[in-house]
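**Student:** Generate coordinates for the entire structure from the input sequences, incorporating the hints supplied.
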Amino acid sequence: MVLSGFIAFMGIITAEVLYPGYSTRQDISDLGSTQPPNPVIHEPSAAIFNSTMLVTGALVLVAAYFLYRAMSRRRFPLVLAIFGFAAFGVGVFPGNVTPWHGLFALLTFFSGGLTALLSSRIVSGPFSVLCGLFGGISLLILVSVFFYGLVVGGPHPLAFLGSGGIERWVIYPLVVWILAFGGYLLGTPHNNSNRSG
Numbered sequence: 179m180v181l182s183g184f185i186a187f188m189g190i191i192t193a194e195v196l197y198p199g200y201s202t203r204q205d206i207s208d209l210g211s212t213q214p215p216n217p218v219i220h221e222p223s224a225a226i227f228n229s230t231m232l233v234t235g236a237l238v239l240v241a242a243y244f245l246y247r248a249m250s251r252r253r254f255p256l257v258l259a260i261f262g263f264a265a266f267g268v269g270v271f272p273g274n275v276t277p278w279h280g281l282f283a284l285l286t287f288f289s290g291g292l293t294a295l296l297s298s299r300i301v302s303g304p305f306s307v308l309c310g311l312f313g314g315i316s317l318l319i320l321v322s323v324f325f326y327g328l329v330v331g332g333p334h335p336l337a338f339l340g341s342g343g344i345e346r347w348v349i350y351p352l353v354v355w356i357l358a359f360g361g362y363l364l365g366t367p368h369n370n371s372n373r374s375g
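Residue numbers are given in this note's numbering: position 175 of the sequence shown equals residue 353, and the series is strictly consecutive.
Don't read these hints as lab results, they were simulated from the structure.
Mixed in with the good hints there might be a few duds.
Label-pair distances were calculated between CB atoms; the ranges are [said to hold, decoys possible]:
(1) V307 with L328: 30 to 40 angstroms
(2) S306 with G199: 35 to 45 angstroms
(3) P367 with G331: 46 to 56 angstroms
Remember, it's a predicted structure, so these values are computed and weren't measured experimentally.
Backbone N, C-alpha and C define an ideal beta-carbon position, used for all residues, glycine too.
**Tutor:** Shown next as C-alpha cells:
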C-alpha cells in the first residue's frame with residue numbers, strides 16, 4: 179500500500195512535469211491521453227502515467243490479496259480489490275479509449291472513497307476518524323459533481339479550480355489514505371491485524 183501510494187503520487191507529478199504546458203486545471207487523465215474526437219498524447223508523459231496506474235492498481239490488488247488472507251471477514255479486502263482493479267483499468271484504457279476509460283475512472287473514484295470509509299471500521303481511532311474523513315471528502319466531492327451537473331444544472335462551487343482541480347479533490351485524499359493506511363498496517367502487530375471488516 180505504501181509503495182502504491184508513493185508510485186501514484188510521484189508518477190503523476192513526473193508526468194505533469196514532462197507534459198508541455200500542463201496545468202493542474204486539466205484532468206489528471208489528460209496525462210495519458212486527452213479525450214476524443216481529437217486526442218492529444220504527449221510522450222513520455224503518457225507512458226509514465228499509464229504505467230503508474232498499472233503498477234499502482236497491481237500493488238493494491240496484491241495488498242487486497244494479503245488482507246483477504248489475514249482478515250476474518252472479507253468485505254473490506256474485496257472492495258479494496260475492486261479499487262485496485264479499477265485503477266489498473268485506468269492504465270489499460272487511456273483517456274482516448276471511450277467509454278472504458280471513463281467507466282474505470284468513475285469506478286476508481288467511487289470504490290476508492292468507499293474503501294477509505296470502510297477502513298475506518300477496521301483501524302483504531304483516532305486514525306479511524308482520518309480514514310472516514312479522507313473517504314468522506316472524496317465521495318462528497320464526487321457526488322457533488324453529479325449533483326450540480328445533473329440536478330442543479332449550474333456551475334460547481336469549486337469550478338474556479340477547473341475540472342482537474344476538482345478531480346484532485348477526489349483523488350488526492352485517496353492517495354494520502356493509501357499511504358497512511360499502508361503505514362498503519364506496517365506498524366500493526368500481526369496478531370492485531372485480524373480485526374473484522
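**Student:** If a hint holds in the structure, say so; if it doesn't, say that too.
**Tutor:** Cross-check of the supplied hints:
1. V307 with L328: 30 to 40 angstroms: With Cβ atoms ~31 angstroms apart, the hint holds.
2. S306 with G199: 35 to 45 angstroms: Once the Cβ atoms are compared, 42 angstroms apart, the range 35 to 45 angstroms for G199 and S306 holds.
3. P367 with G331: 46 to 56 angstroms: At roughly 52 angstroms between Cβ atoms, G331 and P367 fall inside 46 to 56 angstroms, so the hint holds.
Violation of the numbered hints given earlier is absent; every hint is satisfied by the structure.
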